[in-house]
Amino acid sequence: MLRKREAIKDVGRETSIFYMRCVIALIIVVGLMGFLLAREIKLQVLDHQKYQTQSENNRIQVRPIAPVRGLIYDQSGKLLAQNRSIFALEVVPEQVDDMGDTVKRLKEMFDISDEQIEAFLEQVKFRPKFNSYAIKTNLTEQEVAIFSANQHFFTGVSVEARLERYYPYGSTLVHVLGRMGAITEEDLIRMDEWDVENNREVGTTRQRYAATSKMGKLGLERYYENKLHGEVGSEKVETDARGRVVRVLERLEPETGQDLHLYLNLSLQQKITQLMQDKDVRGAVVAVEPSTGGVLAMVSQPAYDPNMFTGGISSKDYKKLLTPERPLYNRAVQGTYPPASTIKPHLAFLGLKEGVITPSTRIRDPGWFSLPNNNHRYRDWRPWGHGATVDVTQAIIESCDTFFYDLSVRLGINQIYEGMTQFGFGQKTGIDIVEEKVGIMPSRDWKKSMRKEPWYNGDTVNIGIGQGFWTVTPLQLANATAVLANDGIRYNLQLVKEFAQANRYEANTPVMAYHQIDTSDGSWLDLVKNSMRKVTEPPRGTARSAFADAEYTVAGKTGTAQVKSIAQDESYDASKIAEKFHDNALFIGYAPFEQPKVAVAVMMENAGGGGSNAAPLAREIMDFYLLQELKINQTSDTEDEESADGAAN
Amino acid sequence: MALRTSTANTHKARSSLLWRLHIDVPLLLGLLALMAFSLVVVYSAGGESLFLVEKQVIRFGAGLLVMFLLAQVAPRTLKEWAPLFFVVGIAFLLAVLFFGESSKGAQRWINIGIRFQPSEIMKLAVPIMVASYFADKALPPSFKHLLISLVLVLVPTSLIILQPDLGTSLLIAASGIFVIFFAGIRWRYMLGAALVGVIMAPIMWYFVMHDYQKGRVLTFLNPESDPLGSGYHIIQSQIAIGSGGIYGKGWLNGTQSQLEFLPERHTDFIFAVLGEEFGLIGIVALLALYLFVIWRGLYISLQGQDTFSRLLGAALTSTFFVYLFVNIGMVSGLLPVVGLPLPLISYGGTSIVTLMASFGILMSIQTHRRLHST
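Residue numbers (my numbering), protein chains in the order written: chain A, -2 to 646; chain B, -9 to 364.
It should be emphasised that the hints constitute simulated quantities derived from the structure, not laboratory data.
Mixed in with the good hints there might be a few duds.
Unchecked claim - Going by beta-carbon spacing under 10 Å, a handful of chain A positions derived as facing chain B:
no.: 1; residue: Ile5
no.: 2; residue: Ile14
no.: 3; residue: Gln49
no.: 4; residue: Glu235
Keep in mind that this is a model prediction, so the values were computed, not measured.
Each residue gets a CB set at the ideal place from its N, CA and C atoms; glycine is no exception.
Please model the entire structure based on the sequences and the hints provided.
Now the structure itself:
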């Protein structure tokens, strides 16, 4: 029985309705398929070019290839800076399933500091996941072997080799070669500035460094960055979605950077370093070849190993370098010290040349000097003086302060400033190191602008013995010494002798080749030089004991610089004052006297007297260089010279 | 008239062996052609891996077996068992919600000796249930019957939304609603339903959809907003299809897929591989094959001898179309990304077996007719 509300089934009507619905459904299906087809036609026919391009951009990448950095050699071709393959443990974050676990397991297997892990995770967080990031660099061969054996446990981790700068002589050359460091945001900005300065399109230099991660930060590495770097290459590669290279389509080889060949003599540099370390000396020694201005050795002690910076230095290690001894500080080029008595020969030459004294001018020496109408006594280092009267020769030999107090007042600061500038004081030596400081060659203008005070005569008196406001770098001292050895020619100091690229050599021609001091009016220079020679000889030379029985002749001058000013009624007593206020010991000299091969400036911080401390070091340096390196044999010459000299006196 | 001519044809066909095995030859040929196409594309998309191809062959074998077995079951039997089938399915869905196993943030699996997704059962159980409900009702359905049938659809759909599995629940809802459509639902009700849908949309957005689902919709609306994140899929698949052009880059030569720029390339995004390597020509061929299968499904349904067979056959065929439309629409950037495979082409998934089961039912409808006619 059907309930009355239930309609009766009408099979015919149902069939026709169903038939209609099927037709409608088919129409909808065909319509929607047409819609899909229209979409595909839009993608594949109308917009095909656009997607074709995008697909090519996806798969083809142009990658820069880093050039190989130029090498650095010493004068005899010994390799001082090279590129070494180092192995790094690298991770591609995208390929790692569980980063925390992977890092933990790597840490169990290798010695990775928390700092390194933190730095690594920081990179991973902010940079593309498909790139490779180093979690540990400088793997030892053993570590490489351990990882290779376990590689299958570490998906997305691999050992990669890359070229890194390596300095085989470590700390011995760090203050010459400098070191490399990661390219920073500031470096990139500076690159843009270079582009502007050189009228290049901004971005050219960045392009050149596209594949480079480090650049020279100090020393030669910095100065010659442009030449050492080389030219970037490129390759067109097909990569997959993870950035892995499937194949190389085109390759433009990078151009290796230029090699630097230095004037530097590695053996001499090592010898000086060794001597300074043995004596536990802080300070700097510069040895220059007078005939060229080439730097034979440039040592600053203490130093540090630049290889520590490869692959990033830990903050713990870096803190160790921030000691009061300041190993990071390049004393030879950045250290500015009072030249003390080492500049007396230069002042003597100036006095003779300007005619304020003659070779026979004698000055009364009671052991002190004072200005007219002033009872302040400028004391001589020898309290009882150097005899009743002193002439210029004796004043140089015995380093008589009183004579030079008097001379400086005769000259006046204006003439001193003019004359000493000729020797390169207060000016850059032109050394190929950006960090070079110029020290202070004081003048009236300098004092007025820097100290807001007028120049007093008392200031001039102090200048006479290389104290007061006057400061110089060891490089300037060495160069001023070479000027004397060169009869007035001042060369631009240079570390690099020539550049080489693919067997093409090119000489280093400094901007300012040389400067000639006017020595035409008289034999004043010879007088000064002969006096300097007697400094290293008996009976009275301040460096006579240091150079006793030398197998060659030496012209020299000692210096002892006060670091702390001593009050009027006090006398200097090393045992009573802190070590850092002890006198600086200085020595300048060149040898052989007749045909100078080397000019040396020695500057030892808080080491005491120049004659007793700096001169012996210079002796050992000259012995080594002249006798062992150059193998000069002067014994017979020396005798002749001595007799000739004796006759002249 | 149409019926008379087709009856004449069936008399000829009935004599064949395949007919006695309850196999519909045109449908089988259409399906086999799709499977062959699938193997060719899977080989390329899977990085020329024979391993994947072998596994796909095994799945197709299992699918054909299930199809064959279901083809032997008379529609009448299916209709009798429908309520039990449906209730068991609902029970499993509830069990999944309480005891199911999770993977990737969704609780879809249950383990009773074998591990399976009960929602797959519902893909068949829902249209079978609704069709059997309408089988002896007067059609077009009254409002009351309409409401009851809607409840039959919405209960399993809601349970699956809770898992959450939006893609499958939409498919299942569609399969049930198709039955109602073919039952002859009045147009005014459909209009009303559409209105309700418009009103429900914001409610769904704020109260039902999960963040990842909303994200997909947002990404769909503006894929460039997140080119390396979720927009990446859509951008890369469009590049793949578009760069294929008319003739395609050639088999195994699609750079987007071979160099792995295209994600999910052997599963949900396989259509993009096809489009890249075989071009517009390949896509037209695929759509033609699909259209043929759908035409054959509707043809079989039209010949169905009772209401149950007709409604079920037409609904299953239409659902098959929804599958391919949603997948191709998604890969081509017409629809948001929904995790649905391209039917019979994508690698893997239980969907192959479920789909083949529905084609088995269609074959059963086609080949069991004489039992009723005589």
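Evaluation of the interface hint that places glutamate 235 of chain A against chain B, nearest CB under 10 Å = 7 Å, holds
query = Does glutamine 49 of chain A meet its interface restraint, that is, does its C-beta lie within less than 10 Å of any C-beta in chain B?
reply = Because about 5 Å separates glutamine 49 of chain A from the closest Cβ in chain B, which is inside the 10 Å limit, the hint holds.
request  = Would you check whether isoleucine 5 of chain A satisfies its interface hint, that is, whether its CB is within less than 10 Å of any CB in chain B?
outcome  = Holds, about 6 Å.
ask   = Against chain B, is isoleucine 14 of chain A within 10 Å by beta-carbon distance?
value = For isoleucine 14 of chain A, the interface hint holds, since the closest Cβ of chain B sits about 4 Å away, which is under 10 Å.
In summary, this structure violates none of the numbered hints.
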